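Undergrad: In order, the protein sequence lines correspond to chains A and B.
Just so you know, we're using the working numbering here: the first sequence kicks off at 1 and counts up by one.
Just so you know, we're using the working numbering here: the second sequence kicks off at 1 and counts up by one.
Do not rely on the hints blindly, as some may be mistaken.
Simulated crosslink set (DSS-like; lysine-lysine; CA at most 30 Å straight-line) [as the list claims (entries may be wrong)]:
#1 B:K79 to A:K311
#2 A:K265 to A:K132
#3 A:K311 to A:K28
#4 A:K28 to A:K190
#5 A:K39 to A:K190
#6 B:K227 to B:K185
#7 B:K326 to B:K79
#8 A:K311 to B:K207
#9 A:K311 to B:K379
#10 A:K268 to B:K66
#11 B:K43 to B:K305
#12 A:K265 to B:K361
#13 A:K265 to B:K242
#14 B:K227 to B:K66
#15 A:K190 to A:K311
#16 B:K152 to B:K242
Just the calculated beta-carbon pair ranges, DEER-fashion [unchecked claim]:
#17 A:G65 to B:G386: 35 to 41 Å
#18 B:L4 to A:G110: 39 to 45 Å
#19 A:P114 to B:R24: 43 to 49 Å
#20 A:G271 to B:D30: 48 to 54 Å
I should point out that these hints are in silico values taken from the structure, not numbers from a laboratory.
Everything numeric in this text was worked out from a predicted model, so none of it was measured.
For each residue, glycine too, the CB sits at the ideal point set by N, CA and C.
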Amino acid sequence: MPLYLNEDQAMLADSVTGFLADEGSIKKQLRHYRDINCKDGFGHALWKQFAEMGLTGMLAAEADGGLGLGHVEAGAVLKQIGRNLTPSPFLTTSVMGVTALGEASADLKGRYLPGVIAGDMVLAVAIDEGAKHRPERIAARAERSGNGFRLSGRKDFVVQGASADAIIVAARTSGSDSDADGITLFAVPKDAAGVGHNSVRLVDSAMASHVTFDNVELDGSAVIGEVDGGRALLNKVLAAGRLGAAAEQTGVASGAFDITTTYLKTRKQFGQLIGEFQALQHRAAHLYSELEIADATVMKAQQLLDAGSEKAELMVAVAKAKAGKASSLAVREGVQMHGGVGMTDEFDIGLYMKRERALAEFLGDQYYHAQKVAELSGY
Amino acid sequence: MSDLDTFRQEIRAWLEENCPPEMREPVRDDDDACWGGRNFTFKNEAQKVWLERCVAKGYTVPDWPKAYGGAGMSAAEAKIWREEMVRINARPPLSSFGIWMLGPALLKFGTEEQKVHYLGQIARGEIRWCQGYSEPGSGSDLVSLQTFGEDKGDHWVVNGQKIWTSYANKADWIFCLVRTDKTNKYQGISFLLFDMTTPGVSTKPIKLISGSSPFCETFFDNVVVPKDQIVGQLNRGWDVAKYLLGHEREMISATGGADRAGSLGATLGRNGALEDPVLRAQVALFDVDALAFTCMSEKFMDEVKIGRGHPAQPNMMKYAGTELNKARLELLMSAGGSTALEWESEETEGGALPRSWLRTKANSIEGGTSEVMLNVISKRILELPGA
């Protein structure tokens with residue numbers, strides 16, 4: 001498969017590009033919801049528009065009312081979300097949540113998928129325990145209780161957790177904290193007794209929860225996939241989420257890069273455009289090269305994941321690491337090349353830096369994924 | 001089954017039958033490569049047989065037209081050819097500046113007669129070419145070159161000096177940039193071809209820090225070049241040169257790319273060289289960059305095939321690929337420790353690693369320095385002012 005979008009994918013990318021440049025703009029969405037101190041951190045009206053565009057269920061199977069598309073297509077949406085810094089539940093809901101629900105019972109699918117596809121519901125995903133992403137170790141426990149389970153523990157960095165209609169939780173149902181087996185995924189409804197949110201605003205203005213589960217009673221129908229055998233599904237959800245985040249990072253990077261090169265072409269000092277200085281030209285050209293490579297890597301990983309290739313896991317790790325490295329450089333160079341105004345809230349470049357920071361941390365930073373590359377390569 | 005699937009099966013079967021086992025071993029150094037030419041000595045019978053079999057089918061230049069010695073493969077077929085070659089680790093039957101550089105320029109700028117004559121010789125490995133570009137005073141600023149061809153009616157008389165001429169002492173012919181108009185800098189250069197045995201041509205190898213001498217100084221003292229040995233128009237050789245440099249950059253960038261797709265850490269880890277956790281981490285970060293670049297190489301080739309992608313993109317590929325390759329050898333040297341310092345021992349195959357390490361330092365100089373690549377990206381892709 002060649003490494004560029006096919007005709008259908010390019011059409012989708014085009015329409016999403018126009019849609020988000022207009023409706024998802026920094027002014028209309030990020031700044032607006034930030035400045036009104038919105039408790040969700042995103043706009044529900046735009047989420048409804050995502051549904052009207054058919055985006056909310058793009059990864060869901062056609063039999064489940066979705067479009068049955070893949071990660072190349074979802075990545076095209078996320079790239080534009082990144083470019084416009086659009087606050088959106090798309091990644092956690094339509095990419096990670098829908099991937100998890102794909103293996104849920106018909107009953108559970110029926111509870112959430114129609115609402116998600118209609119743009120009436122959002123989902124959150126609770127994996128991390130502690131400040132760094134370490135999904136190899138899961139301590140939150142769900143003990144068998146009657147016909148169901150009783151869930152206790154704490155999860156961190158649950159993005160949009162307090163706004164979600166359900167939280168998909170990775171919990172331990174057997175074994176010890178660092179075992180690969182013994183993991184089960186649950187869909188915990190919003191109103192379940194014993195769920196506590198400490199919801200905090202993050203550097204990028206998104207909302208995330210520290211969620212506590214205190215003997216939360218779940219009936220058996222809340223289980224997604226197999227009891228104790230959830231690691232494979234968790235990995236599938238993680239791969240989808242990581243690659244989605246990487247796509248969004250390349251979008252953030254391209255947005256930051258474009259406004260920075262525009263600035264280089266308009267700002268004058270010492271009687272000339274600063275873009276005429278070779279010191280800045282070479283840095284911009286190096287950055288261009290890093291961004292091109294990150295783009296290619298993300299697309300390759302998307303194609304491999306969509307094809308179910310055994311190489312997908314390695315390339316997803318490469319993609320998240322490379323996208324993280326390149327987008328971090330893009331926002332750091334962006335702020336520096338903007339000079340003093342890069343430090344002001346009025347200019348958008350600082351917003352890119354903040355969003356990039358959050359995405360870098362989400363589901364593993366470049367160091368976590370470089371380590372993963374080493375492990376998967378056998379060293 | 002699609003036509004391409006059938007094609008793949010045919011190629012696979014042909015390779016299975018015709019590629020000798022010795023030609024499926026990795027190429028270790030320049031001696032293992034088959035360069036062809038009048039004076040080439042085959043390393044073994046397998047190398048000779050492999051070349052002859054490929055020549056007979058046009059497989060030394062699979063995507064060139066059959067009339068010029070190729071196999072007339074489409075872009076998709078050529079990709080399959082390469083994939084099947086890689087699958088069995090087959091060595092290229094022929095390595096040649098004629099294939100990589102002059103050929104593409106002739107295909108675009110040559111006359112029909114030139115194509116039939118020169119391309120056929122290249123495809124059959126009969127003539128080994130070298131490239132006369134740089135001069136002592138004209139490196140990055142190549143267009144300032146001074147080697148002059150004086151118009152003598154039916155021929156030119158060429159005088160001057162070239163430098164960094166790869167394998168000039170082994171080459172049969174040279175493609176050479178020669179000034180034919182001193183009054184016009186860019187439109188005063190012509191692209192000439194001539195036989196290295198022409199009276200007045202001499203070469204002198206240059207010893208490098210790696211200890212080897214792949215490059216020469218090449219001197220022209222009243223060298224007679226017939227008028228029909230020009231490619232493209234008189235004084236428009238710079239157009240040909242620029243086009244050809246694009247191919248050279250692609251070729252050099254490839255050395256950091258697909259042919260080194262394996263994980264560096266996997267290789268080093270097997271040798272127990274990664275006990276130092278900080279070095280291991282550096283290698284892991286390198287592997288991220290290296291694996292990412294293999295994706296970029298694949299995307300670049302896919303886009304070239306359909307004429308998409310920025311025309312200046314080879315400059316980016318060259319920049320990124322060569323910097324990556326230098327980083328790779330730095331890590332190999334660190335992992336090697338004091339063993340990697342041995343310059344002549346038998347165990348180290350005569351200091352193969354430190355010599356390669358030093359050789360890679362030229363990657364980001366030859367064919368346009370990294371700094372020139374960044375200049376070109378700034379100007380042509382980013383369209384930054386005054387670049």
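Undergrad: Now look at each hint and say whether the structure bears it out.
TA: Hints, one by one, checked against the model:
1. B:K79 to A:K311: holds, 20 Å
2. A:K265 to A:K132: Judged against 30 Å, a Cα distance of about 39 Å means the pair is violated.
3. A:K311 to A:K28: violated, 40 Å
4. A:K28 to A:K190: holds, 28 Å
5. A:K39 to A:K190: Holds: A:K39 and A:K190 sit about 16 Å apart, inside 30 Å.
6. B:K227 to B:K185: holds, 21 Å
7. B:K326 to B:K79: holds, 28 Å
8. A:K311 to B:K207: violated, 44 Å
9. A:K311 to B:K379: violated, 37 Å
10. A:K268 to B:K66: It is violated: about 56 Å lies between the C-alpha atoms, which goes past 30 Å.
11. B:K43 to B:K305: violated, 35 Å
12. A:K265 to B:K361: Distance ~34 Å between A:K265 and B:K361 Cα, so the pair is violated.
13. A:K265 to B:K242: holds, 27 Å
14. B:K227 to B:K66: Status holds; Cα separation ~28 Å.
15. A:K190 to A:K311: The hint is violated at about 37 Å.
16. B:K152 to B:K242: With a Cα-Cα distance of about 27 Å, the restraint between B:K152 and B:K242 holds, given a limit of 30 Å.
17. A:G65 to B:G386: 35 to 41 Å: At roughly 56 Å between Cβ atoms, B:G386 and A:G65 fall outside 35 to 41 Å, so the hint is violated.
18. B:L4 to A:G110: 39 to 45 Å: holds, 43 Å
19. A:P114 to B:R24: 43 to 49 Å: At roughly 57 Å between Cβ atoms, B:R24 and A:P114 fall outside 43 to 49 Å, so the hint is violated.
20. A:G271 to B:D30: 48 to 54 Å: holds, 52 Å
This entry does not satisfy hints 2, 3, 8, 9, 10, 11, 12, 15, 17 and 19, going by the numbered hints stated previously.
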